[in-house]
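Visitor: Modelling step: build the complete structure from the supplied sequences, incorporating the hints.
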Amino acid sequence: MTQLRVLISGGGIAGPAAAFWLSRLGHSCTILERFPSLRTGGQQIDIRGQGIEAAKRMGILGTIREHAVDEGGLQYVDMQSFTSEYEIMRGDLCKIIYDAAERRTKYRFGTSVESFENVGDKVNVKLTGGTTETYDLLIAADGQGSRLRRKMFQNEPESTYTRYLGLNGCFYGLPRKPGDPNLATVYSAPGRRVMSTRWHSKDRGQAYILTMSHEKEFEEVMKKDVASQKKLFSEIFQDAGWQAPRLI
Numbered sequence: 005m006t007q008l009r010v011l012i013s014g015g016g017i018a019g020p021a022a023a024f025w026l027s028r029l030g031h032s033c034t035i036l037e038r039f040p041s042l043r044t045g046g047q048q049i050d051i052r053g054q055g056i057e058a059a060k061r062m063g064i065l066g067t068i069r070e071h072a073v074d075e076g077g078l079q080y081v082d083m084q085s086f087t088s089e090y091e092i093m094r095g096d097l098c099k100i101i102y103d104a105a106e107r108r109t110k111y112r113f114g115t116s117v118e119s120f121e122n123v124g125d126k127v128n129v130k131l132t133g134g135t136t137e138t139y140d141l142l143i144a145a146d147g148q149g150s151r152l153r154r155k156m157f158q159n160e161p162e163s164t165y166t167r168y169l170g171l172n173g174c175f176y177g178l179p180r181k182p183g184d185p186n187l188a189t190v191y192s193a194p195g196r197r198v199m200s201t202r203w204h205s206k207d208r209g210q211a212y213i214l215t216m217s218h219e220k221e222f223e224e225v226m227k228k229d230v231a232s233q234k235k236l237f238s239e240i241f242q243d244a245g246w247q248a249p250r251l252i
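For reference, each letter of the sequence shown is one residue, going 5 to 252 in the working numbering.
These are computed hints drawn from the structure, not numbers from a lab.
A few of these clues could be false.
Capping the alpha-carbon separation at 30 Å, the derived lysine-lysine pairs in DSSO-like fashion look like this [as the list claims (entries may be wrong)]:
1) K181 to K99
2) K181 to K130
3) K99 to K206
4) K110 to K60
5) K130 to K228
6) K126 to K110
7) K206 to K181
8) K220 to K155
Pairwise CB distance ranges (calculated) [claimed, not checked]:
9) E121 to S41: 27 to 35 Å
10) Y165 to G63: 28 to 36 Å
11) N128 to R180: 22 to 30 Å
12) R180 to Q233: 23 to 31 Å
13) Q158 to E106: 30 to 38 Å
14) L8 to D74: 39 to 47 Å
15) T136 to E106: 24 to 32 Å
16) R52 to G30: 26 to 34 Å
17) V230 to G124: 38 to 46 Å
Each residue gets a CB set at the ideal place from its N, CA and C atoms; glycine is no exception.
Guide: Structure, rendered in structure tokens:
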């Protein structure tokens, strides 16, 4: 098999996982990550089905199990008042796959793709540092809002590669208080609103706030800064009940 030079944009989970398998086949892989170091933030990831089989074949399933969160299950609550064996924090999974792929993969942090051009069966890639390099394959693994994917489909409507489901949400870390249960908790509020908490350690957890209302307002605010987006969520959930004062 001819060795391919592969450039992967994105050093999260999908990029290093792709590099792991491609490098095992003898291909030369380079991962670009625009952040200056490995990004280890994020919320819980539920690994099931094919994900478990993939992790097993990568030889990292045992390590994932060691880092699994201590969450007893799921409860629904009313105004008064689903967990996998391989439930793991995104940051832990990111580090595990990084360690598995790093030995045979080049990482270049603080760098990203500025532009690219297909030339025959090659792709010329201009990097943010100003250099241009040639590869056999360019993989866009830079997240749901992939900048590279937008460039690849720049002549196509956005519906070609994304589909809006009518759901808007925010996710963030949360300090744990005495009495917070060892369970994922979901509260469904009137007005198509949902609030949820999960606890992955003795002192930290995550909050999830989701709504299928105010679509026009969200369409506009997503063009603005994060502070404006937070303000809209606060306005929508301030009267939701349950733990709304704590979560917003």
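Visitor: All hints are to be evaluated individually against the structure, with a verdict given for each.
Guide: Do the hints match the structure? See the list:
Between K181 and K99 the CA atoms are separated by roughly 28 Å; this keeps the pair inside 30 Å, and the hint holds. In summary, the hint linking K181 to K130 is not supported, as the alpha carbons are separated by about 49 Å, beyond the 30 Å threshold. Taking the CA atoms of K99 and K206, the gap is about 21 Å. The hint holds against a cut of 30 Å. For the suggested pair K110 and K60, the alpha carbons sit about 23 Å apart, so the restraint of at most 30 Å is met.
Using a Cα cut-off of 30 Å, the hinted pair K130 and K228 holds, with the two alpha carbons roughly 29 Å apart. As the CA atoms of K126 and K110 are separated by approximately 20 Å, the hinted pair is consistent with the 30 Å bound. A C-alpha spacing of about 9 Å is found between K206 and K181, which places the hinted pair at or below 30 Å, so the restraint holds. Restraint check: the Cα-Cα separation between K220 and K155 comes to about 26 Å, which is no more than 30 Å; the hinted pair holds.
In this structure the hint that E121 and S41 lie 27 to 35 Å apart at CB holds, the actual value being about 30 Å. Judged by the Cβ atoms, the range 28 to 36 Å given for Y165 and G63 holds: they are separated by roughly 32 Å. Checked against the given bound of 22 to 30 Å, the beta carbons of N128 and R180, roughly 50 Å apart, lie outside it. At about 25 Å, the CB distance of R180 to Q233 agrees with the hint of 23 to 31 Å.
In this structure the hint that Q158 and E106 lie 30 to 38 Å apart at CB holds, the actual value being about 32 Å. Evaluation of the 39 to 47 Å hint for L8 and D74 yields a pass: the beta carbon distance comes to about 42 Å. Taking the beta carbon of each, T136 and E106 are about 26 Å apart, inside 24 to 32 Å as hinted. Checked against the hint of 26 to 34 Å, the C-beta distance between R52 and G30 comes to roughly 31 Å, which is consistent with it.
Distance hint check for V230 and G124: the Cβ-Cβ separation is about 42 Å, which falls inside the suggested range of 38 to 46 Å.
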